[in-house]
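A.B. asks: Listed below are the residues making up each chain.
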Amino acid sequence: MSSDLDVFVGNTTLIDEEVYRLWLDGHSVAEAVARRLRGGVLEREGTSVAVLQSDTRDHYRTFQMLERLLHAPPRLLQQLLFQIPPERQALLIQRYYAFDEALARELLGKKLSKGTKKELDEVSARTGVGIRSCRRQFDNFKRVFKAVEELRGPLAENIQQLFLLPPALARDYAAIVFFANSRFETGKRRLQFLSFADFAACAQSLMGHWSQGALAPEAAEPDGDLPKSFLQDLKELKVLVADKDLLDQHKSLVCSALRGKISVHNELEANFKALSRALVNVGGKLTHARDVRDFFVDLVEKVIEPCRSDKWSPGDLRLFLTHYTAAPRNLPGFRHQALWERYMAAISACLLRMYHD
Amino acid sequence: MGTMRTVPDFSVVRSGHEVQIPEQVSVPWQGLHRAVSRAPTIPGPAPAGRGGAAPRMRSGAAAAPRHRRGGAAAAAPAGAAGGGGGRRGRKKMPGKLKVKIVAGRHLPVMDRASDLTDAFVEVKFGNTTFKTDVYPKSLNPQWNSEWFKFEVDDEELQDEPLQITVLDHDTYSANDAIGKVYIDIDPLLYSEAATVISGWFPIYDTIHGIRGEINVVVKVDLFNDLNRFRQSSCGVKFFCTTSIPKCYRAVVIHGFVEELVVNEDPEYQWIDRIRTPRASNEARQRLISLMSGELQRKIGLKVLEMRGNAVVGYLQCFDLEGESGLVVRAIGTACTLDKLSNTSAFLPACNSPSKEMKEIPFNEDPNPNTYSSGPSTPLKNQTYSFSPSKSYSRQSSSSDTDLSLTPKTAPSPQGPRIFLFPSSPTLSCDFPHLKKSCLLLSGSSIKPLHSSHVSPVVLRKSVSFTEELLLAASGMGSGSAGKEGGPFKTLLRQQTQSALEQRGGSPRRFCTRREFPFFTLTTFPPGFLLHVGGVVSARSVKLLDRIHNPAFVGIMGNTRSYKLLDWNSFNSDEPETRDAWWAEIRQEIKSHAKALGCHAVVGYSESTSICEEVCILSASGTAAVLNPRFLQDGTMEGCLEQRLSWQPGFFSIGSEKGEVDFFPQSQDSSSLLGIEEASPPGCGFCHIPYDELNMPFPAHLTYCYNCRKQKVPDVLFTTIDLPVEAIVVGKGCLIQARLCRLKKKAQAEANATSISNLLPFMEYEVHTQLMNKLKLRGMNALFGLRIQITVGENMLMGLASATGVYLAALPTPGGIQIAGKTPNDGTYEQHISHMQKKINDTIAKNKELYEINPPELPEEIIGSPIPEPRQRSRLLRSQSESSDEVTELDLSHGKKDAFVLEIDDTDAMEDVHSLLTDVPPPSGFYSCNTEIMPGINNWTPEIQMFTAVRVSRLSNINPTNQTLNKNFNDLCENLLKSLYFKLRSMVPCCLCHVNFTVALPEDELVQIAVTAVAITYDKNQALQANKAPTEKSQQRASTDNEEQLQFPLELCSDPLSSQPFSPAKEVLEGASSHTGIPAAQRATSLEKASPLAEGYLRHRSVPSCTNSTVSVVKMTPLSFLPGAKITKYLGIINMFFIRETTSLREEGGVSGFLHAFIAEVFAMVRAHVAALGGNAVVSYIMKQCVFMENPNKNQAQCLINVSGDAVIFVRESELEMLPVQPSAAAPQHTSSAGDVTT
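Protein sequences appear in the order of chains G and P.
One point on numbering: in my numbering, the residue at position 35 of the first sequence is 35, and numbering is uninterrupted.
With positions in the second sequence counted from 1, the corresponding number in my numbering is that position plus 357.
Only chain G is shown next, with the shape it has when bound in the complex (with noise of 0.2 Å):
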């Protein structure tokens, strides 16, 4: 005897978070079942494989169902078809909205096409998450990035509003939407030891200091953007490099305050030339798409591997920062002072996350 029709509808829906997350992983129905079963659920409960299939098939039923609503959250909170209790509302948006960090990092900077959806067959494989999983978090990345493109105010904000994502989680999608955006290279072999959230808290560094956000809330261009005026400012900066006189004063201002207070100051002294060299003229390159994109190669090809070569500690390379930051305000006829300052902030932050091993 076979059930060909097997419903159960509650009036509070029903949500097992064990199958939800076989769902969300993007488990068969079948393979969730072999893994519940796997779980010992057969033995606590006394029940049957029957029943536990029946039981999987209503909660994917279930979650099928309630996953376009899951696309756009606050829907999912005035629908009137299932009632979830709120804090279950909060959870099922989550756990959809929640991704892994091995996939983010795989898709950080990637235009998110169809052509890089067709490439996820490898990302699934070079990450060990699930196919099906794979294309639900890159339609999930997909979908927040469309959705907030176009909106101004701050990035983070509007991912929270618009899908009602816990803080911590807006802010990564955020990250992601900046990348996707700006389109950085991370895939370079010598990128490899970024982590995801190494990348995120970047992400989150040169939108707050340098989004026009950050300045004017009511900025006319979206957050996810860096400001075309800020960026072509930037080409000011390099009479730091291009101007000897600067560059030599700017040099002994920093040497001497950190003079006694860090353990590389001969490898500083030999090196300064060409870090700063490196650090202005990263931000100069800005105004160019193709430079945009290798952004963190520079900064680690030239900043930070050398710094790594020299054995700098991350304490001296904080000091460098702070000092390297400062001095140019005493340095006569630097008129940039501000526009130095919020741009080596979000610089300066990059490097010291992205300066481990």
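A hint or two may mislead.
[Unchecked claim] Facing chain G, according to a computed beta carbon distance under 8 Å, are these residues of chain P, among others:
#, residue
1, Lys481
2, Tyr1185
3, Pro1278
4, Val1308
5, Ser1309
6, Asn1331
7, Ala1513
To be clear, the hints were calculated from the coordinates, so they are not data collected in a lab.
Glycine is no exception: its CB is placed at the ideal position from the N, C-alpha and C atoms.
Following the hints, put chain P in place on chain G, whose structure we already have.
C.D. replies: For chain P alone, kept in the frame of chain G given last:
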């Protein structure tokens, strides 16, 4: 009722053919014979005849409304098209309906190009339609319309639903409908209910399901002259709840009301061939909405006529008869209710053991002699009478009956089956053409019937006894002429009297409301129920004929062109057959009740099962004797009005008036009342209502184990809920009997005959199974018994559900003894003893599981009257429990009161096996099909209502009854298992009101739908409560009727407990050392607040969901919400939906389709309740779930009908927050509240 039925009815078709059918006076009983001979099927109006009337006609004002108004209004011209024009000519305009369309949200994209929608709304009531402006290019339109005002009469207000259609404007082509909302405005028509309907409603489309939501505000201004027009019954309140609603007091319970209306089913009209499925579905939804509106109004009129103001236990059903039409019928109990003004002052009594409990000791019987001088005395000389109609029908067909019985009533004694010997191995069925035949399963047991009297009357009577027996199922056994010894004269006199009554008056008059002393209620105020006789039921197999109605205008659509046929219908008496069918069955029930010495039937319900053209009508209830005192404070007027002598002299308690009312006047019975009051509340209802010396049948009676004063049967079956005052030992459990029987495929009469032939066997076996399973659980009574017989093309299915309990008043059930037929075989013997051991083990296990440890009552209690000597009881028993072969069986190896199962072939073996396959629910779960689980009374507020549906294919190639039975049994067991698993996070909990519905949609397909509610309870207190079951029940009995159910205070929703849990718990634990259990139990209730449960959610949600606009609406099939108090009833919810798909696979197959649909139905119910301002639906029931699929065409269709009562409830903990109003009226409540707060 009488007047209603004689009001002529008119139909006016605007096109000029005026169809006026003169009032027809038809003789009710004529219909009987016609029911047998099948009228030729008349197809709908030929399409040719309406050639020009293509589908367009629907949108035009083709047909005018039919005026269903008696008197002057009936003559009024019908020119109602085009809005209120026609109405203005009328003299009355009792109301103004005002509607405002505020906004929409989440509309579907209707314009693919822009991904947007240009939505506007049509608001329609009656013939008037208003439109909003088009709100362009938005999925969230803000119409913010003006108030649309409809001037309507009250009748229309009651019948018509408000119809709101959301459309997408299209400049170039026809506007596309997005979906509709039907709003029943009935709740706005009673003063105390809702005053406004306002909220978001799901926009529903029968093809696409819910498509966005619309915000609507509806108000009604009623004018004051309503009462002058009695066509309407505005103001009569309707309740689905089968008890007196919680915030009301019953002043008078008037009794049974019923009505039915008939129409052609739009789905089967000729027009259906050319219109879209959507149009057809909508026509059907609308028609049913109209029909239920009308039905409700008509019932309301009857209630007003009875001077009542409410209908309680209102049960409305649809019979989809297919080709032959559509029947909407309803039954209910008319009452006069008084709103309790000080509801909020009542603080719920807490469960902590209170002092009152000890006031009534266990065995106390203040007045040993009361009973004999009580109502039983008059009963003695009453016997019962056959209603003439019944006699006629029987007489006329007696030869048929005999013929039909011959083959079956003469099975050889060495019949092949197991002999299970339930106490009453008889059956009753109402046979279609055969009129009525009843048989005893084992032929020889008929003998005693014939032995005593030979007159035809007597013969019939004895036959009827056998029916009662089974139905009475009170463990009394059967097989003798029993009451025959009674005063024959009386019988004759009564017969003639009622015959005169019947002939004398107008035939319609005959059906006075007093005719059926039935009550659809299942729970009664304490003391109302004096004695319960047992279950009475009747079934009848009928062939459906087309409901012939030439006046039918086969066009459905924008106008009120539907045709309703009912009592006053004009053209033919065909529709009357439906009424006559039911009247016949009710008569049957009534006479069964009388045979049990009862004057009333409680817990009464009716149902049908239809397959093609065969229909089984079933009715069942519990014969009972009610307490006349209940109506003591009923007005004299009310009493006089009721004096309709439905049974002259029958219930003349102390009064010589002869035509005594069902509720005798208080002064006459005052002496009696005093006595009655003294009778022990915990067991009184178990005492037999019939006279011991003059029993309708031999039964095994003992003295009540509680009071030792009165006789009780050994087993009691009822359809009602466990009376609150009942003394129960241990816990109850759900008991189901499941049965499949193959039937040959046949046509028409042959089919009906074969069904009729099978029915008695099914009834017998269902009963036997129930009895065995009851014994297996060591219990002695069944409550909430519901036997459903479903007819399919090639099989019949029987499913009986009930809640078994151990009533302290009844004797301990004996075990089950297996007897082999061939005792010489050694291995066989061994096998038998093995089985016996298994059975004994199961019984022992069950006793432990359900905590059945009845207090030891040695029979030689000093001073107590010793029950009958053993010898006699044994004798009776063997007679009653077995067919007579048993007397020949050697019982010496069994216990005296053991049940004997005789195994003589494999079938029987399997039956025994199947007995043992019922698995008890997993630990932490209990289940019952009554409102409350006997033995548990400490509910926590978490509830989860659910509906589960399964359709399974019985795939055996050569099915036999045994394999089918096994399949069916497995299906039910697996379904239950599945429920337990799904709800495992709620443990400890109880599934209450488990309601199974079986349908056989196709060959080999079985559909089971279950609706139930899981309620968590507090384990600690459960144990506590269990230690003192008697105390508990006494306490419960002592409370007022609106406070019958008590629940522990729940702290979960207490605002104070929103602080972190652990400190609160510590506090409570600290407190528990002082107050004992209650605090501990609170602690646990805090601990195990599961996120699944609604109660928990609710309190948790407050801070976190400020942006959620959806209010939580609880749903439950029960009449109450644990831990909460219902403060207001907002009106009845009665909704009918059709959903259809032509893309079944895409919607997730049948399961996906139905899952979504059920969820949608829930959503629409919740939305309507929320719009009324309510936060819960109680007494929710899914009355119909008809699912059809055609996988080859990728199509499916489903119809669902649900109902319930919309209410506002307040958490008891919130109530407690309110300042306690000093109320002298309820000192015990305040005191118990005091207990709680300590």
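A.B. asks: Now, for every hint given, state plainly whether the structure supports it.
C.D. replies: Hint check:
1. Lys481: violated (23 Å)
2. Tyr1185: violated (31 Å)
3. Pro1278: Hint on proline 1278 (chain P): violated, closest Cβ of chain G at ~11 Å, above 8 Å.
4. Val1308: Holds. Min distance 4 Å.
5. Ser1309: holds (5 Å)
6. Asn1331: Check passed: Cβ of asparagine 1331 (chain P) comes within 6 Å of chain G, closer than 8 Å.
7. Ala1513: Status holds, d = 6 Å.
Of the numbered hints stated above, those contradicted by the structure are hints 1, 2 and 3, listed in ascending order.
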